[in-house]
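Colleague: Turn these sequences into a full structure, and let the hints guide you.
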Amino acid sequence: MPRLRLILHAIVLIVLTGFIVLYFGSSDTKYSKSSALPVVSVDMVAKLEIGEDDLVMQEQEAVPLDYRENDLLYRPPLDIAVIFTHSENNLPLQYKLRIAVGSLLLKSSAPLRLHLITDEDGFHIASNIINDVQSTNRLDTRHLKLVYVSADDFIHEIEDSVKILQLFFTTRRDAYYRDALFFFSVHLHKLLPGLDKVILMDIDIKFKGDIAELHSHFNHFSPTQIIGMSFEQSPVYRHLLSLYRKQNPKSHLGSPPSEGGFPGYNSGVVLIDIQKLRKSVII
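Counting in the numbering used here, the sequence shown runs from 772 upward without gaps.
No farther apart than 25 Å at their CA atoms in a straight line, the calculated lysine to aspartate or glutamate pairs in the DMTMM-like style are these: (1) Lys916 to Asp890; (2) Lys968 to Asp924; (3) Lys867 to Asp981; (4) Lys916 to Glu859; (5) Lys916 to Asp892; (6) Lys867 to Asp923; (7) Lys979 to Asp911.
Think of the hints as simulated: they come from the structure by calculation, not from any bench.
Modeller: This is how it looks when you write it as structure tokens:
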């Protein structure tokens, strides 16, 4: 009898043990609603895999650049130089710069590098004006780089060499060409030694066309041509030479080309091949 009881107890223990193993073993393969681990369905896995593939494809796709962006990244900037001196408290001069730079930027199809030949105060004034022009017209500031060229550091280097020119072009103490900087174009290879070509312009200009078209005229320079200018469109030299013309009535100096004359050149816009200027044995 005692032996039979032991056998029954053993059977009960075996059954209970098997039930416990089956119950907890099966629960390991399920996630309850209160489980801390998320239940990821096969559909969600498929969606995640598709999203990753799409991401890889997006990374491999080439996004075409806007033509302005392409110019910004790969096209060398056109170099422009202007003289901006005696600008402090000179509102008319500041206004001229605003008009010149504003029309220049609005019409230009190429990135630009503007070399401001001025002093520290002048560069600060010019920078503020140009920043305002860009902001007002919502222009991309990356298409213009300003370069400060110190006039004070350069004037003493050219004063001696321009004294002879000043004798011919300066007749009064307040003459327009008295400032030595008006003769610095022949010294650009010293002032801007890192450049090959530059367009030198006055600031009393309003652009009606793309300056890139003007810059393309460098391609038409002959191997010996260094400077490019246009004929003077006004009769300014005709008036300046009035006394000479009176003394020499057959002279055509100052007359328009249509009359077989020579009206002189306008130095408001000058194309200068600095590389050739640097190698010139004449200048």
